[in-house]
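Asks: So the chains spell out like this:
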Amino acid sequence: MSDIPRLDEEALAELQDVMEDEFGVLIETYLADSRTRISGLKEAVSAGDSERLRKAAHSLKGSCINIGAPKLGNLCFELEVLGKEGRLEGAEHLLASVEQEFEEVARELESFNR
Amino acid sequence: MNLLIAEDSDGDRMILATLLRRLGHQVYEASDGLEAVAVFIKFEPDIVLLDALMPTMDGMDAARRIKALAGTRFVPVIFITSLASEREQAHCLEAGGDDFLLKPYSRVILEAKINAYSRMLNLHRSVMQQRDQIRTQNEQMLAEQRMARRVFDNVAHTGCLDAPNIRYHASPLSIFNGDVLFAAERPGGGTLIFLGDFTGHGLPAAIGAMPVAEVFYGMAAKGFGAADLVTEINQKLRNILPVGMFCCGALFEADGKQGTIRVWNGGLPDGWLVRKNGERLAIPSLHLPLGVQPPERFDSTMELFTSAPGDYVVLMTDGFPESCDAQGDCLGENAVRQVLAEIGPDDHPFDALMARLQAFTGHPDPADDMTLCCLEVIAQGAVSEVTESAPESALSGPGSWHCVYEVRDRALADFNPLPLLLHICMEVPGLRRRSGEVFTLLSELYSNALEHGVLKLSSEWKKSAEGFSLYYEERMRRLSETQGHHIRFTLDHEPLGRAGRLRIRCEDSGQGFEPKEKAMNAPTNSGHEYSGRGMGILKRLAKEVSICGSGNCVEIVYDWEFPAQGVITSQ
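The listed protein sequences correspond, in order, to chains A and B. Just so we're aligned: the first sequence equals residues 1 to 114 in the UniProt record's numbering. Just so we're aligned: the second sequence equals residues 1 to 571 in the UniProt record's numbering.
Hints are computed from structural coordinates only; laboratory data are not their basis. Please read all numbers here as calculations on a predicted model, not as lab measurements. Every residue gets a Cβ at the ideal spot worked out from N, C-alpha and C, and that includes glycine.
Derived coverage of chain B by chain A (criterion: at least 3 residues anywhere in the stretch with Cβ under 8 Å from a Cβ of chain A; other residues may be distant):
(1) 12-20
(2) 99-111
With a cut-off of at most 25 Å between alpha-carbon atoms, the simulated DMTMM-like pairs for lysine to aspartate or glutamate come out as follows:
(3) A:84 to B:88
(4) A:42 to B:58
(5) A:55 to B:94
(6) A:55 to B:32
(7) B:222 to B:153
Partial chain A-side listing against chain B, Cβ under 8 Å, derived:
(8) 11
(9) 19
(10) 22
(11) 30
(12) 33
(13) 55
(14) 58
(15) 59
(16) 61
(17) 62
(18) 63
(19) 65
(20) 67
Make a model of the complete structure from these sequences and hints.
Replies: Here it is in C-alpha cells:
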C-alpha cells in the first residue's frame, strides 16, 4: 500500500496542460467536492447505511483517480468494498485513514497549484 | 459534434468537458440522470456520456430513457465508470450502453472513441438516408405500377375471358409478371385466345404486352383470323423489342360452327387438345417465339384439328411445368401428360391440373409467373346473339354508297378480304352495331365462292374424319392454282329513314352449279352444289337471298333499323 504514491505527478502535469488557466479552479472544485463526499461517508457510517457508503466511496474513488491521487483512491475502494459486503465494523478506522490521507493530498495539491 | 456529459462529480465533469471542448466539440453538461434526460430532449446531442452512479436517476435508467426517446435515431451512449468488476461493466451494456470509458480519463482513448463513434454515426446516417430514399422510390414505383396497371387493364382488358367455357389461372400477385392472356369473340362467332410469356419481368415485359393487346383485340374485332393475328403480332414485336427480348406464345381459334381448332405455338410448353372421348393430342411448339423472325421468314401456318362440343384445349406458360416443390424439384411436363392421361370423363382438365400443382408444391397459391388456360369447345349457333350497343346517331357516317371489290389470282390464296369489306360496312353506324351478322354474311358468301365456286371442294367430304383432312389438303393444293380466277363483291347501301338496306352481291369465276331443285334431287359429290348449311345461315339473316347466273353468283338483301327510341312516360 505504501508503494502507491500519494500524487501522480505525471497525471497532474497532463491535467495542468489540459485545463490551462482553469487548473486552479479544478483543484478547488475537487477539494470542495471531496469534502462534501467525506461528510457523506461519515453520515453513512454513523447511520449504518452500507449501500450509501458504497456509492459515496465509489464516486470519491473515481474523482481521486481522475485528479491523480491514487493512494486516496485505493483507500476509497477499500471503503467501497466494505459497503458492498455490508461490513461496517472496520469502516470507522478506514474512514479516519481516508480523512488523514485527504488532508495530506489537499496540502500537497495546494502547493502543486501554487 | 454535440455531446452530453452527465456526471455528479463536479471536478470529473470539468475535466471531461474541457477535454472534449479542446477536441472541438460542443458540450452540454448535466449533474444527474434526470437533468441528463431533460438536456437530451432539449439539445438532441449526437453522443451521450453518462456516469453510471448518480443521484436522482442513475446512469442505467437515464440510458434506457434516452434510448427510448431517440427511437430509430442512433445515439451512442458511453458509460463513464471506475467500476472494477466485469459483471458491473457488462451490466452497463445490458442497460443499453454502447461502450464505457474508464477513469482516469485518457486523452488519447477519449479522442479515438469519439472519432470511432463519429464514423459510426455518419455510416448510420447514410444508411438511414438510403433507407428513406429506397422507401420513397419503392412507394413511387408502386404508385407508378398501379397507374400503369390501370392503363394496361384498359388496353389488355379481359375480353371474353369471363365466358363460362373458359377457365384460367393468371397471377393476381405480381402486377407485371410477363404473362399475358387475351380472349376475344370473332365477329361472326368463334373464339380467339392468345397466351404469351415475355422474356423478363416488370416494366419491360408489360410494355411489350401493350401492343400485343392492341393488335389482338383490334384485329379480332375487325374479323381477322388467327394466322393474320399471329403474323401481325410477330411483326410488331420484331419491330419494337430489343434483341434478346421476345414473347413465347400460342394463339388458337376455336370455331364451334366449323368444328375446327387452329393453333399456332411458338415457344410455349406443349398445349393439349383433350377430346371428350379421352383422346389426347399434344400441340407442341413448332415455331420460334414471337418477335424473333423477320416478317419474310415468319411462318404463320396453323395446326388444324377437328373438334366437337365437350373437347378441351389447354395452354400453359412454362411457369406451370417449372413450378417447384419444397425441395426445389420441378413438376415437369411429364406430370402434365400424366394428369391428362388419368383424367376421368367428368373431370375438368383445369381442375385436375391445378389440383396436381397444389399437391406438388404444397402451396394453395401457385407461383406468380404461371398462367394456365383451358377452353371448353361448345356447340355454337350459326350466329352469336346480336348484342346491340347504345344506338348511335343515324345521321353520321355514309348513308348512300356503292363499292366493287375484286380479289384475283394469287390474292385468292394469300389474302383475306373480309376485314377490309367489314371495315367499309362498319362506317355505317346502324351496321356497326350488327358487325357479327354482317361479318357472318360476308364470310359465308366468300367461303362458299372460294371453296365451292373457285376451288370446287365438296362440303360432303368434311363429314368424315378422312374426308376432313382430304378436304383441307385439297384446299391447300388447289389454292396454288387460282391463276385466272376472281371473286367479286359488289356492295350497295341506301338509307331508309332510321333504317337502311345493304345489298351484297358475290360472284366467282367458277362454273356455278345446276339449279337448286335439281341439285337437291340428285345430290352429288362433285362440289358444284351450294353449301346447304351456309345457305341456311344466309336465309336466316338476310331479307332476301337469290342465286343468279349459272349459280356462281349470290345476292342478298340485308335490312337494318335503329331500335325505337324515346322516353317512356307513364301517367
